[in-house]
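Those sequence lines, one after another, are chains A and B. The opening residue of the first sequence carries number 1 in the numbering used here; numbering runs sequentially from there. The opening residue of the second sequence carries number 1 in the numbering used here; numbering runs sequentially from there.
FYI, nobody ran anything at the bench for these hints, they're computed from the structure. Do not take every clue at face value.
[To be verified] If the Cβ cut is set under 8 Å, some of the chain B residues that face chain A in the computed set are:
(1) Ile61
(2) Gly63
(3) Tyr66
(4) Asp69
(5) Leu88
(6) Met97
(7) Phe150
(8) Ile157
(9) Gly195
(10) Asn212
(11) Gln213
(12) Thr215
(13) Leu234
(14) Pro242
[To be verified] Computed list of chain B residues with no C-beta within reach of chain A, every gap over 12 Å:
(15) Arg52
(16) Gly56
(17) Gln57
(18) Ala59
(19) Ser62
(20) Pro65
(21) Thr82
(22) Lys86
(23) Arg149
(24) Gly153
(25) Ala155
(26) Ser158
(27) Glu178
(28) Ser199
Quick reminder that beta carbons are idealized off the backbone N, C-alpha and C, glycines included.
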Amino acid sequence: MQAEPEHDVVVIGSGAGGGMAAYVLTKAGVKVLMLEAGRNYDPLTETPMLHTNHQAPLRGAGTKDKVFGYYDATVDGGWEVPGEPYSRGEGSEFYWYRSRMLGGRTNHWARNSFRMGPYDFKPRSRDGLGVDWPVTYEDIAPYYDKTEALVGVYGRNDGLENHPNSGPGVLHDPPKARIPELLIQAAATDMGIPCVPARRAVMTRDLDQRKACYYASACGRGCAIGAAFQTTTSFLPWARATGNLTITTDAMVHEIEMGEDGKAKGVWYIEKKSGEHKFVPARIVILAASAGETARIMLNSKNAQAPDGVGNSSGQVGRNLMDTVGASMGARIPAFENRPRYNEDGAMGIHMYIPFWLYPEQAAGKLDFPRGYHYEMGGGFSQPDMGVGGYGDMAGGYGAKLKEEARRYYGSYVWFAQRGEMIPNEHCYAEIDPELKDNYGIPVLKFHYKHTEHELNQVAHFQKTTLELIDRMGGEVPTNVPSPKDAIAPGGWIIHEVGTARMGDDPGSSVTNEFGQSWDVDNLFLMDGAIFASKAHKNPTLTIMALAWRNTDYLVEQMQQGAL
Amino acid sequence: MVLHKKIDRRTTIKWVMSGVAASAMTACGDRKETKAALDDGIIPARPISKHRASLGQAADISGTPYGTDPDLMQPANTWSRTMTEKQLAVTAALADMFVPEDEHSPSASAVGVPDFLDEWISAPYEGQQRDRAIILPGLTWIEQVSIGRFGKGFATISEAERASILDDVAVYGQEKEELKEGAAFIRRFRSLTMGAFFSTPEGMADIGYRGNQPTAGPYPGPSQEALDHLEAHLRSIGLKMPSLG
Numbered sequence: 001m002q003a004e005p006e007h008d009v010v011v012i013g014s015g016a017g018g019g020m021a022a023y024v025l026t027k028a029g030v031k032v033l034m035l036e037a038g039r040n041y042d043p044l045t046e047t048p049m050l051h052t053n054h055q056a057p058l059r060g061a062g063t064k065d066k067v068f069g070y071y072d073a074t075v076d077g078g079w080e081v082p083g084e085p086y087s088r089g090e091g092s093e094f095y096w097y098r099s100r101m102l103g104g105r106t107n108h109w110a111r112n113s114f115r116m117g118p119y120d121f122k123p124r125s126r127d128g129l130g131v132d133w134p135v136t137y138e139d140i141a142p143y144y145d146k147t148e149a150l151v152g153v154y155g156r157n158d159g160l161e162n163h164p165n166s167g168p169g170v171l172h173d174p175p176k177a178r179i180p181e182l183l184i185q186a187a188a189t190d191m192g193i194p195c196v197p198a199r200r201a202v203m204t205r206d207l208d209q210r211k212a213c214y215y216a217s218a219c220g221r222g223c224a225i226g227a228a229f230q231t232t233t234s235f236l237p238w239a240r241a242t243g244n245l246t247i248t249t250d251a252m253v254h255e256i257e258m259g260e261d262g263k264a265k266g267v268w269y270i271e272k273k274s275g276e277h278k279f280v281p282a283r284i285v286i287l288a289a290s291a292g293e294t295a296r297i298m299l300n301s302k303n304a305q306a307p308d309g310v311g312n313s314s315g316q317v318g319r320n321l322m323d324t325v326g327a328s329m330g331a332r333i334p335a336f337e338n339r340p341r342y343n344e345d346g347a348m349g350i351h352m353y354i355p356f357w358l359y360p361e362q363a364a365g366k367l368d369f370p371r372g373y374h375y376e377m378g379g380g381f382s383q384p385d386m387g388v389g390g391y392g393d394m395a396g397g398y399g400a401k402l403k404e405e406a407r408r409y410y411g412s413y414v415w416f417a418q419r420g421e422m423i424p425n426e427h428c429y430a431e432i433d434p435e436l437k438d439n440y441g442i443p444v445l446k447f448h449y450k451h452t453e454h455e456l457n458q459v460a461h462f463q464k465t466t467l468e469l470i471d472r473m474g475g476e477v478p479t480n481v482p483s484p485k486d487a488i489a490p491g492g493w494i495i496h497e498v499g500t501a502r503m504g505d506d507p508g509s510s511v512t513n514e515f516g517q518s519w520d521v522d523n524l525f526l527m528d529g530a531i532f533a534s535k536a537h538k539n540p541t542l543t544i545m546a547l548a549w550r551n552t553d554y555l556v557e558q559m560q561q562g563a564l
Numbered sequence: 001m002v003l004h005k006k007i008d009r010r011t012t013i014k015w016v017m018s019g020v021a022a023s024a025m026t027a028c029g030d031r032k033e034t035k036a037a038l039d040d041g042i043i044p045a046r047p048i049s050k051h052r053a054s055l056g057q058a059a060d061i062s063g064t065p066y067g068t069d070p071d072l073m074q075p076a077n078t079w080s081r082t083m084t085e086k087q088l089a090v091t092a093a094l095a096d097m098f099v100p101e102d103e104h105s106p107s108a109s110a111v112g113v114p115d116f117l118d119e120w121i122s123a124p125y126e127g128q129q130r131d132r133a134i135i136l137p138g139l140t141w142i143e144q145v146s147i148g149r150f151g152k153g154f155a156t157i158s159e160a161e162r163a164s165i166l167d168d169v170a171v172y173g174q175e176k177e178e179l180k181e182g183a184a185f186i187r188r189f190r191s192l193t194m195g196a197f198f199s200t201p202e203g204m205a206d207i208g209y210r211g212n213q214p215t216a217g218p219y220p221g222p223s224q225e226a227l228d229h230l231e232a233h234l235r236s237i238g239l240k241m242p243s244l245g
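This is chain A alone, in the form it adopts within the complex (with noise of 0.2 Å):
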């Protein structure tokens, strides 16, 4: 067995957050040791980059092994992972995503990264309905700013409002918009929807060692020239180039070893590969592993001061469980039949999207759903797939006539995504389940989950809008649209789960102050989803960056001012 390194700090998980944090840890001269429940995983050799659908099995279609498709960076993970269950409560629907690599999330997301306006951060103020954070847009703003400088994001300052502006020289230029996207523009803007450049964690420009996007390569698949941002190929090389970060991987946390002085001690975890259990010591340990493992860490961790669970005075870790509001449409556009090829592949995700335009409206109380809703769309000559077999049922028969009815329908078709925000209830969150263990015998998250109406509401809204916008493109009006409880995506679905340890500014309703440090155990930090107050329609993995970089300024100040 080999001697521990030497570490100040511990941090847990080396996904947005926990990259974040040993980046700016280990810049600032903290020995960091960081612990990755997944495999190592290296972006520069393992990404299939080019390979085309024909070279995968099953054409590439996605399997219970790999949801996304066969080249989806995702390692034993996805809504199940093998040997790791979690329960769900009566009634509920709930799906936890996980990745078990190094960089964790970060490998295969979409990329999509707006920043919270100041509306979002004020959310009771301004509706009565969940809680504030502890923070404003104006404290979150600079740091807004050098992450979206540092990770490289396009996209454009169109002044929107609750919808800020980048620093100058920040964003880079957005690519182009693509046909599907022009007609949608063209009829939002009829429509007084705004339609403007999305804003994605990818480059269009080369920045330190990472090159600009080459637009070819489904981003899910990862990325190895590193314009689609990720941990693994940014902030963990980084880190590790300052001789200061030590990762291990295969390890996973299940307990925070609390010391009778009430603070951290270190913590607890299972080396997969040998199924021994290890002890590290630390001065300070970070959560970082993703909301829901996060609030299960602490809660596994139990003692005699604290029953409930380390940092859980408050009983508010697990709770206030939020997802994405979610839903989706497609349509098709007859006009689009047979319509002039050229390569539209592009920088794969969204170039074009439409942020919530009905401030004003909401502030009158002329809308029956309380909170805001984006949309991301598109449609396009994407590289075939199994799906093409589709235009075979639309069509039917046979022969010649049927492959020239796939030429007509390919490109033809145009896919809107409702992003929406929810706000926290009573009956969604997650506890220990009290008998179900995984295989490494450590018991396991129930989720609870429930939408109310102010999700059903937002739901019917979109789905109302977007029939509106079809028929303004010109495209097919679909009949068959499923009531909102049907459409709603489940919890957990859009994969944005935040919120089950909240900051706040009542150590009594919340869990970290406004620098996710535990309002009971002060060297125990929390650099994940799980401490925002809110669940803005804005996806979360910047703000998630954004913060761990201002809690980790204050926690390298403490460490230097010796409070910790």
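For chain A, the structure is supplied; the task is to place chain B on it using the hints.
Showing chain B alone in chain A's frame:
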């Protein structure tokens, strides 16, 4: 997004109802598939001729799923093909009826679609096994139809004879009552064949996929021709072309 139409459960149940005949069980060569089809709620068609179609018994599913951490750089199959030569021959003949050679691209069988369909239905995954329970009995069914009409198997009848069968079962709105039980099979087989064909290099070239080409510098965006085409549509519905800045 909207293209992946699953086989409608009700359709398959209807197929079952129309196909129920005890003799069908023994008439079909693939008892194991028949059992699987029964389990899945799909029963192969009753024989419509006293001659019994037999394509032989497909091998059992063998091998393992590729697992949650396969080598993405060097993809490899982890299971064996299972179709018999006769099943493959019917598969090839039928696939080529859906995707024949034309001036744009080769036929389905010329680019390995039958072998791929064998890979597909032999895969140890739930979705693929559902397809297996549709495809294998379906192959026997169409063989039976061929024998009933022409006294010969589907792989050996002429193209015109095959076309006469497909005219009666594969064209929406024109399905003959006595062949309706095969409609779900035909639909699924067609869908798999098209997906398999158009994702080959030849199929991608045919359908006009121009991507997967690394491009230096800014993304060039739509071609002028593509923009002109869009602009004509926008004009026709009274919309303005967005600024391309």
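For each hint given before, does the structure comply? Return the numbers of the non-compliant ones in rising order.
1, 2, 5, 7, 8, 20 and 28
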